[in-house]
Amino acid sequence: MKDDLTVMMLSWEFPPRVIGGISPHVFFLSKSLAKQGVKVYVVTCDFPDAPAHEVIDGVEVYRIDSYKNPSPDFATWVYLMNLNMQKETAALTRKIGNKIDLLHCHDWLVANAGIGLKHVFRKPLLVTMHSTEIGRRDGLHNDTEKMIHETEAWLTYEAWKVVCCSDYMISHVKWAFGLPNDKLVMVPNGVNTSIYNTAPEDLKDFRNKFALPEEKIVLFVGRLVYEKGIHILINAVPKVLEKVNAKFIIVGSGYMKEQLLNIVRSMNLEHKVLFEGFLDEQTLLKLQQCADVSVVPSLFEPFGIVALEAMAAKSPVVASDTGGLSEIIQHDVTGVKVYPNNPDSLAWGISKVLLDDSYRHRIGENAYKKVLEIYDWEKIAQQTRRIYEGVLGEYSNSFWA
Amino acid sequence: MRVIIFSWEYPPRVVGKLAEYVKALSTQLVGNGVEVNVVTYDDSTTGTAKESTGVQTIRVSNPVRTHIGVLTWVLTLNQEVERAAANLYYQTKKQIDLMDVFDWHFISAAVTLKNGLGIPFVYSVESLEDHRSQGLSTPYNMAIKSIEWLGFYEAEKISVKSEWMRDEIVRIYKVPQEKIVVVSAGSNSWIKEILDLYSIVSGVLKAR
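First to last, the protein sequences are chains A and B.
For the first sequence, the positions run 2 to 402 when the working numbering is used.
For the second sequence, the positions run 310 to 517 when the working numbering is used.
Hints are computed from structural coordinates only; laboratory data are not their basis.
Here are the simulated BS3-like pairs of lysine-lysine, each with C-alpha atoms no more than 25 Å apart in a straight line:
| # | chain 1 | residue 1 | chain 2 | residue 2 |
| --- | --- | --- | --- | --- |
| 1 | A | LYS96 | B | LYS403 |
| 2 | B | LYS466 | A | LYS96 |
| 3 | A | LYS69 | B | LYS483 |
| 4 | A | LYS100 | B | LYS402 |
| 5 | B | LYS403 | A | LYS100 |
Pulled a few chain B residues facing chain A out of the computed Cβ check, cut under 7 Å:
| # | residue |
| --- | --- |
| 6 | GLU391 |
| 7 | ASN424 |
| 8 | TYR449 |
| 9 | SER455 |
In silico contact screen, one side only, chain B against chain A (beta carbon under 8 Å); selected entries:
| # | residue |
| --- | --- |
| 10 | THR381 |
| 11 | LEU384 |
| 12 | THR385 |
| 13 | ASN387 |
| 14 | ARG392 |
| 15 | ALA395 |
| 16 | THR421 |
| 17 | GLY425 |
| 18 | LEU426 |
| 19 | PRO448 |
| 20 | ALA452 |
The model shown is predicted, which means the values in this text are computed figures rather than measured ones.
By construction, the Cβ of each residue, glycine as well, lies at the ideal position given by its N, Cα and C atoms.
Sequences and hints are given; from them, build the entire structure.
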């Protein structure tokens, strides 16, 4: 075992900058790796009022000046930001005497920087593919989507190992980019159970801010975009209300928001569906603990961290039987699986959970146990460290070493 | 002395005037005992080639085929430029004295190689986005101007072919005038001026 293993980790988001699931993933992964004795540098985009350099539980975090001029479009911004990230990471690596063993990228958003640095310093590159363009868009429909897809293919081609967080994602990535089996490795995503620690009696007043005592709380957390299936949930709302009195709380934002609001208005259900936008972390954590059911109606879901968070908060999960969600949830044991893209099936699942108190309790407890058993960050960091050591073993026999 | 020249055009790929100029310059440099490696773009042939002039060319192609504009095309091509330059660096046991970068296209590679490996570079300006776009400042033009600005900031020296261009760079980008060297391209003293410039810049490396 190498006792001074050092990894340079690149991610376009890291707290307090939170856009999607990569930010919390890199946050917990890097901290847990540090606990396993790995020296981790995280290079990420800057954020208002966040320091350019700080040390968080042993993790060296550097926030670079991301490209801030108006950009022609999002994809071009990504490549412009990568220019800065690559330059700053190169300077940092030189400053610490080239003492890095590996580069670890998260998604295509840092592909250019990771690939360039790999060749400049001749260090092995790993990538975690959290998602793919072809999966997000359900196909490649224009040049931007093709370009991103080809960038992802290039990144997986250059990577020594490609990490995915579910078996579903392994087979998807293998198909999408034609990768050999021995390049792919599965490490599940993790979740932190200790943050859901508000005492039940303290949640009462909090709950009253969102719902009447006689209303059950149905919670959705996620970006309001097509792939998350939020429109399926909205269509299921009247079907659920026929059977049980409930309040639907929607946390998150996205391009579908206006459209969804219009549907809710046209159904005269504005008093039953609350759009909360983004919430601060403490409020969200409490809300997840209060939720009588957490709904994950995704159409495409490489992993499904929201389902795992709900499980950690002991909130029963109703999820569509797709992607990583299919693996996380065991039907009738740790949650309820419903047909994807089917409002009737979703309404059935939600009603089933809300109408049966003992069932609800049972799957909530089972799910919590499962989380502790498999999706624990310490175990995930140990697995990741073993992957790093395996790659370094192979690398040491290469002419780059 | 060993130099890597970056240019997005080099014969037989000729887009504007730059290709022939870079070819003449590298040939002359080789004649003066400089080892010249030209890293350039080629969409049909790749690999290293030693030309009859003694200039080594490395033609890289874009790893991403589909693009939505010149910017994304250029920015992904840069990693291949870095790969080619880094290979030279390691193959020559890290003995690269400097890079000479023509126009904005490969500034990204140059600044990363400078910051990561400590190789200084000259930024040779053939034209400026402000002139090409006739003062337009759409996000697209701004991005190219910001890359040019980064080049001016990170370069050890800037080389131009006229006093007019020097003054324009000072005016538009607020670059200190003493950072800019005017070379009399094509004249008898041309190569001597370039060699003097190269030794000043590579001297920076030795001083580090």
